[in-house]
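2 protein chains.
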Amino acid sequence: MSLNVVIIGAVAAGPKAGCRIKRLLPDSSVTMLDRDTYISYGGCGIPFYVSGDVADLQGLTSTSFHMERNPAFFKGAKGIEVLTGTEATAIDRADKIVRAKNLATGEERELPYDKLVIATGSQPFVPPIPGVELEGVVPVANLHHAEAIKNAVAQGQVGSAAVIGAGATGLEMAEALADLWGVEVHIFEMAPQILPGLGDAEMVRMMECHLAEQEGINLHLAAKVEAILGGEDGKVRAIKADGVEYEVEQVILATGYRPNSALAQEAGLELEANGGIKVNRFMQTSDPDVFAGGDCVSLTNIITHQPMYIPAGSLANRMGRVIATNVCGGQATFPGAVGSFCIKLFGLSLARTGLNQAQAEQEGLNCVAPLVVQADRAHFHPDNKLMYLKLVVEEGTRRVLGLTALGENGDAVVGRVNAVAGLLAQGALLEDVSNLELAYSPPLGAAVDVLNAAANTCENMLAGKLRPMSPQEFSRRLAEGVGGNTVVLDMRAIDNAKPFLECLAPQWCHLPQETLTQRLDEVPRDKDVVLVCNSGVRSYEGQVMLDAAGIHNTYNLSGGVAAVKKWGEPILPVKDGEG
Amino acid sequence: MSLNVVIIGAVAAGPKAGCRIKRLLPDSSVTMLDRDTYISYGGCGIPFYVSGDVADLQGLTSTSFHMERNPAFFKGAKGIEVLTGTEATAIDRADKIVRAKNLATGEERELPYDKLVIATGSQPFVPPIPGVELEGVVPVANLHHAEAIKNAVAQGQVGSAAVIGAGATGLEMAEALADLWGVEVHIFEMAPQILPGLGDAEMVRMMECHLAEQEGINLHLAAKVEAILGGEDGKVRAIKADGVEYEVEQVILATGYRPNSALAQEAGLELEANGGIKVNRFMQTSDPDVFAGGDCVSLTNIITHQPMYIPAGSLANRMGRVIATNVCGGQATFPGAVGSFCIKLFGLSLARTGLNQAQAEQEGLNCVAPLVVQADRAHFHPDNKLMYLKLVVEEGTRRVLGLTALGENGDAVVGRVNAVAGLLAQGALLEDVSNLELAYSPPLGAAVDVLNAAANTCENMLAGKLRPMSPQEFSRRLAEGVGGNTVVLDMRAIDNAKPFLECLAPQWCHLPQETLTQRLDEVPRDKDVVLVCNSGVRSYEGQVMLDAAGIHNTYNLSGGVAAVKKWGEPILPVKDGEG
Numbered sequence: 001m002s003l004n005v006v007i008i009g010a011v012a013a014g015p016k017a018g019c020r021i022k023r024l025l026p027d028s029s030v031t032m033l034d035r036d037t038y039i040s041y042g043g044c045g046i047p048f049y050v051s052g053d054v055a056d057l058q059g060l061t062s063t064s065f066h067m068e069r070n071p072a073f074f075k076g077a078k079g080i081e082v083l084t085g086t087e088a089t090a091i092d093r094a095d096k097i098v099r100a101k102n103l104a105t106g107e108e109r110e111l112p113y114d115k116l117v118i119a120t121g122s123q124p125f126v127p128p129i130p131g132v133e134l135e136g137v138v139p140v141a142n143l144h145h146a147e148a149i150k151n152a153v154a155q156g157q158v159g160s161a162a163v164i165g166a167g168a169t170g171l172e173m174a175e176a177l178a179d180l181w182g183v184e185v186h187i188f189e190m191a192p193q194i195l196p197g198l199g200d201a202e203m204v205r206m207m208e209c210h211l212a213e214q215e216g217i218n219l220h221l222a223a224k225v226e227a228i229l230g231g232e233d234g235k236v237r238a239i240k241a242d243g244v245e246y247e248v249e250q251v252i253l254a255t256g257y258r259p260n261s262a263l264a265q266e267a268g269l270e271l272e273a274n275g276g277i278k279v280n281r282f283m284q285t286s287d288p289d290v291f292a293g294g295d296c297v298s299l300t301n302i303i304t305h306q307p308m309y310i311p312a313g314s315l316a317n318r319m320g321r322v323i324a325t326n327v328c329g330g331q332a333t334f335p336g337a338v339g340s341f342c343i344k345l346f347g348l349s350l351a352r353t354g355l356n357q358a359q360a361e362q363e364g365l366n367c368v369a370p371l372v373v374q375a376d377r378a379h380f381h382p383d384n385k386l387m388y389l390k391l392v393v394e395e396g397t398r399r400v401l402g403l404t405a406l407g408e409n410g411d412a413v414v415g416r417v418n419a420v421a422g423l424l425a426q427g428a429l430l431e432d433v434s435n436l437e438l439a440y441s442p443p444l445g446a447a448v449d450v451l452n453a454a455a456n457t458c459e460n461m462l463a464g465k466l467r468p469m470s471p472q473e474f475s476r477r478l479a480e481g482v483g484g485n486t487v488v489l490d491m492r493a494i495d496n497a498k499p500f501l502e503c504l505a506p507q508w509c510h511l512p513q514e515t516l517t518q519r520l521d522e523v524p525r526d527k528d529v530v531l532v533c534n535s536g537v538r539s540y541e542g543q544v545m546l547d548a549a550g551i552h553n554t555y556n557l558s559g560g561v562a563a564v565k566k567w568g569e570p571i572l573p574v575k576d577g578e579g
Numbered sequence: 001m002s003l004n005v006v007i008i009g010a011v012a013a014g015p016k017a018g019c020r021i022k023r024l025l026p027d028s029s030v031t032m033l034d035r036d037t038y039i040s041y042g043g044c045g046i047p048f049y050v051s052g053d054v055a056d057l058q059g060l061t062s063t064s065f066h067m068e069r070n071p072a073f074f075k076g077a078k079g080i081e082v083l084t085g086t087e088a089t090a091i092d093r094a095d096k097i098v099r100a101k102n103l104a105t106g107e108e109r110e111l112p113y114d115k116l117v118i119a120t121g122s123q124p125f126v127p128p129i130p131g132v133e134l135e136g137v138v139p140v141a142n143l144h145h146a147e148a149i150k151n152a153v154a155q156g157q158v159g160s161a162a163v164i165g166a167g168a169t170g171l172e173m174a175e176a177l178a179d180l181w182g183v184e185v186h187i188f189e190m191a192p193q194i195l196p197g198l199g200d201a202e203m204v205r206m207m208e209c210h211l212a213e214q215e216g217i218n219l220h221l222a223a224k225v226e227a228i229l230g231g232e233d234g235k236v237r238a239i240k241a242d243g244v245e246y247e248v249e250q251v252i253l254a255t256g257y258r259p260n261s262a263l264a265q266e267a268g269l270e271l272e273a274n275g276g277i278k279v280n281r282f283m284q285t286s287d288p289d290v291f292a293g294g295d296c297v298s299l300t301n302i303i304t305h306q307p308m309y310i311p312a313g314s315l316a317n318r319m320g321r322v323i324a325t326n327v328c329g330g331q332a333t334f335p336g337a338v339g340s341f342c343i344k345l346f347g348l349s350l351a352r353t354g355l356n357q358a359q360a361e362q363e364g365l366n367c368v369a370p371l372v373v374q375a376d377r378a379h380f381h382p383d384n385k386l387m388y389l390k391l392v393v394e395e396g397t398r399r400v401l402g403l404t405a406l407g408e409n410g411d412a413v414v415g416r417v418n419a420v421a422g423l424l425a426q427g428a429l430l431e432d433v434s435n436l437e438l439a440y441s442p443p444l445g446a447a448v449d450v451l452n453a454a455a456n457t458c459e460n461m462l463a464g465k466l467r468p469m470s471p472q473e474f475s476r477r478l479a480e481g482v483g484g485n486t487v488v489l490d491m492r493a494i495d496n497a498k499p500f501l502e503c504l505a506p507q508w509c510h511l512p513q514e515t516l517t518q519r520l521d522e523v524p525r526d527k528d529v530v531l532v533c534n535s536g537v538r539s540y541e542g543q544v545m546l547d548a549a550g551i552h553n554t555y556n557l558s559g560g561v562a563a564v565k566k567w568g569e570p571i572l573p574v575k576d577g578e579g
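Taken in sequence, the protein lines are chains E and G. If you count the first sequence from 1, position 178 lands on 178 in UniProt numbering, and the numbers rise without skipping. If you count the second sequence from 1, position 463 lands on 463 in UniProt numbering, and the numbers rise without skipping.
Isolated chain E, as found in the complex:
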């Protein structure tokens, strides 16, 4: 079989589809066009180019064997014709022709196709802020932007910078500027948290504290940027947010991405409400001879079965492969996505998959999502670090809905999330995570892995044996002081409890868990009692013991003092090395 295939877009889904089409049907003719001159690059690597982790742009445009993925490479190694600097201006579906224009020469041409692949990607959303057109205001969407930003900082022109938007790109750019280049960074985010729409608020708060308190990033959350102000030279000089002016020499727009779907829409193809091109499981658009994939399409959320939009190079590559199979007559399917995500910032990594608690509740799903804190490998192994997990499980059905994890060993954090991502797509239940057979050896895991422990904690909560209190609520209650309705019962050894008792007694009391049954009469009955230990395990045991003794006015602090420390509340006199 010989096919004439045209591919619009040559960054991720396009090249992936094209190369595989040539492998499946070597006799086919594949033409790929892109309006940019940079093609087939790792756009997710831009922050790492700016930070210097990736020394030059070729790092992002080359194969792992250092061959630049330019049109000559695609021609020689892949048998694909690539037209760069060439924009697709229209799709004539009736005659099966793509009209294209060379942006340099203005020359127009027609490209006939048997099968068409639309992989037009996304474009940065530019917010309607006065001054957004000033010199020194740059989005993060392609390698030209990357070069502009890196050149500016490398030449020492940037002492301070503003990043508008605290999604993944904004945060990674903030790290890149602050960490290597010592730039003073302000992040402005409209939402009350970083990673809005992605991160569980409680988990994300730990990352926020890390960025702000450990790394000196100026986080402005729930912030309204009113204007970007220019100097007499026409360059940016300040940003004005909530009435305050911040002097900056560079503004990075990281306010999200929108699907490039106008061309498809003009051709009469259906879009979803999120603006992405509508595709079926075979990645066909509403025209079966036209496929679409990558950042330009709307995806199905495998858990909610609702449309969602996730621009990501990894998904684009998986879609490109499925498209190739089906263009060549196969029946591969792309069922959608569960929404796996990860980010590493200054040595702290956060990963997530599926729905977080807020998202589940928005979907009308009742769920439990206790915070669990435990070492990421054998607690006696010197490499261990605490990992913070929130597994989300639906009440009633016991279906697993999602997981968020945070910790210093990034590969370990992502490893847990990837294991749950696979289970989510299978519609797995809580018991599948309780029994999940994570490989165990002291340097690489724990006999009761933190992920198994998170599932067990969910089960305890569903069984009504665990009544948790979040670090957020705990901090609020503690702030009420002795006049409030809450007493803290510290169940740890006296060495751990002492500094808290010194500062916070009589609201903070001490009763080691192993002495509890002998000292039941010391448990306050007239207020809510929050049971506290380092990680929430001993205090859970305390709660069970007190329930058995008929004392039910208790809550268990989720994640214990370790979580509150990570949460960054200054009210506790926390010392280093404790927890």
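It is worth saying that the hints were derived from the structure and are not from the lab. Incorrect hints may appear among the rest.
Stated by the list, open to error - Label pairs and their in silico Cβ distance ranges:
| no. | chain 1 | residue 1 | chain 2 | residue 2 | range |
| --- | --- | --- | --- | --- | --- |
| 1 | E | Asn274 | G | Ala505 | 52 to 60 Å |
| 2 | E | Leu520 | G | Leu134 | 51 to 59 Å |
| 3 | G | Gly427 | E | Gly329 | 27 to 35 Å |
By construction, the Cβ of each residue, glycine as well, lies at the ideal position given by its N, Cα and C atoms.
Given the structure of chain E, go ahead and fit chain G onto it with the hints provided.
Just chain G now, kept in the frame of chain E:
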């Protein structure tokens, strides 16, 4: 409900079950007995205690909050009565009584039970070798052994040691002795490979090369140990294997473990042929009031549905939890195990789950299992290391059967294996791994993750598009030289190919993949042609191109030169930093 529960064995499954029983039914009475005085310890941590990673034995017997798990702790914090130094001598199932004997005083007592939990663990297999009783010959089964070995090396008494058995324990002990203490270590293994029964031979070979060539461990494979020889002082002085004497001051027996099931058998409970106690999914023995879990039971292999024996603290803990739920009237199930395993040796980690190729073939399952080599995160990120994967997929059904992974970033290696472990238990298909949504960010993953790539490679092989050759077969063919029936076609750039050409031409030829279609007439037709690149990706493309041109006498070197290097064949003039 109040229950009288007796638990025999207090290391892993026993304490786990006991503590949860007390949480589920606080009014129950739980008595736990153990013939040892050390209880509730992390036996898997013994090599790390010997190595010094864990400073003292308390590290292995304490909670994460540094409280020693001794009888007083179990009494105070858990409400469990523990009898140490007390051996269960018989189970009278008719009268529901355990007979026990205090090993120090000889005192005998009867412990009545409503429900009994047998968690008697395993014991080291002591091979019938002359001299095995000599002073200085120690198995690795409990903390007394750990102390004996560490004391001997710490006192400088051990210049060289022999480890008999190259399973996980033997290898970890070898590292512990060699790495920190500088002991000259000989490992003797009956099988022709390390990790017999666990490791895929090809993957394990890479670890063997690492141990032998990088770390100076003396590996004696397919070795027959004939005797352990003593000096006049009655202490070990040498080991004799295959007719050769090796002077050693210490011999460590690491020849596997056998279930401690005699007590159960004497009580008339059914055993499996592997010697483990037979249990159902609820962890009940053939007597429904008697539960058993941990190293003393036989497990069901979830993939083959056959009985298997895996002693592991992680499985013991999961079983203990299920037992507790069911002792208390619940209906939790433990479906069996897929056989997840990991080990970290001198900075190189190997992990596996499910069946390897040989095991699958033993079960009569036709499968593909190509070796795939790729960076474990974005290839442009400076932290990337090569990861070596073998995914095993059944032909016809496309069912995923197992995965073995190897690499330097241990958490990343284990993360991939854990993700597949969860899928195995769900009976997932190849497509589930192709589309597995691993979270992506350049420092933590790749846009096309190595695990997705392994699945894609399996698919290409099942589709008949990839004809691989293993590094082992490649080395054999190469050794035949120009007189043999094999020509190598190096598809890399000349810089990479040059040193090979200099040494191995005319058997080693050069034809860069991107020039292939123009130079088809240079491809040898009279011999088998092995296509070679760094990792096997370009050479796969070359194979597809040649097939399209009607040239089918080709094989693709799996994993490329990177795999052969890791394989350690000295025939190639490999230089550092290449690949």
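Comparing the hints with the structure gives:
Checked against the hint of 52 to 60 Å, the C-beta distance between Asn274/E and Ala505/G comes to roughly 58 Å, which is consistent with it. Between Leu520/E and Leu134/G the C-beta distance comes to about 57 Å, which sits within the given range of 51 to 59 Å. Our hint of 27 to 35 Å for Gly427/G and Gly329/E holds, since their Cβ atoms are close to 28 Å apart.
Violated hints are absent here; each numbered hint is respected by the structure.
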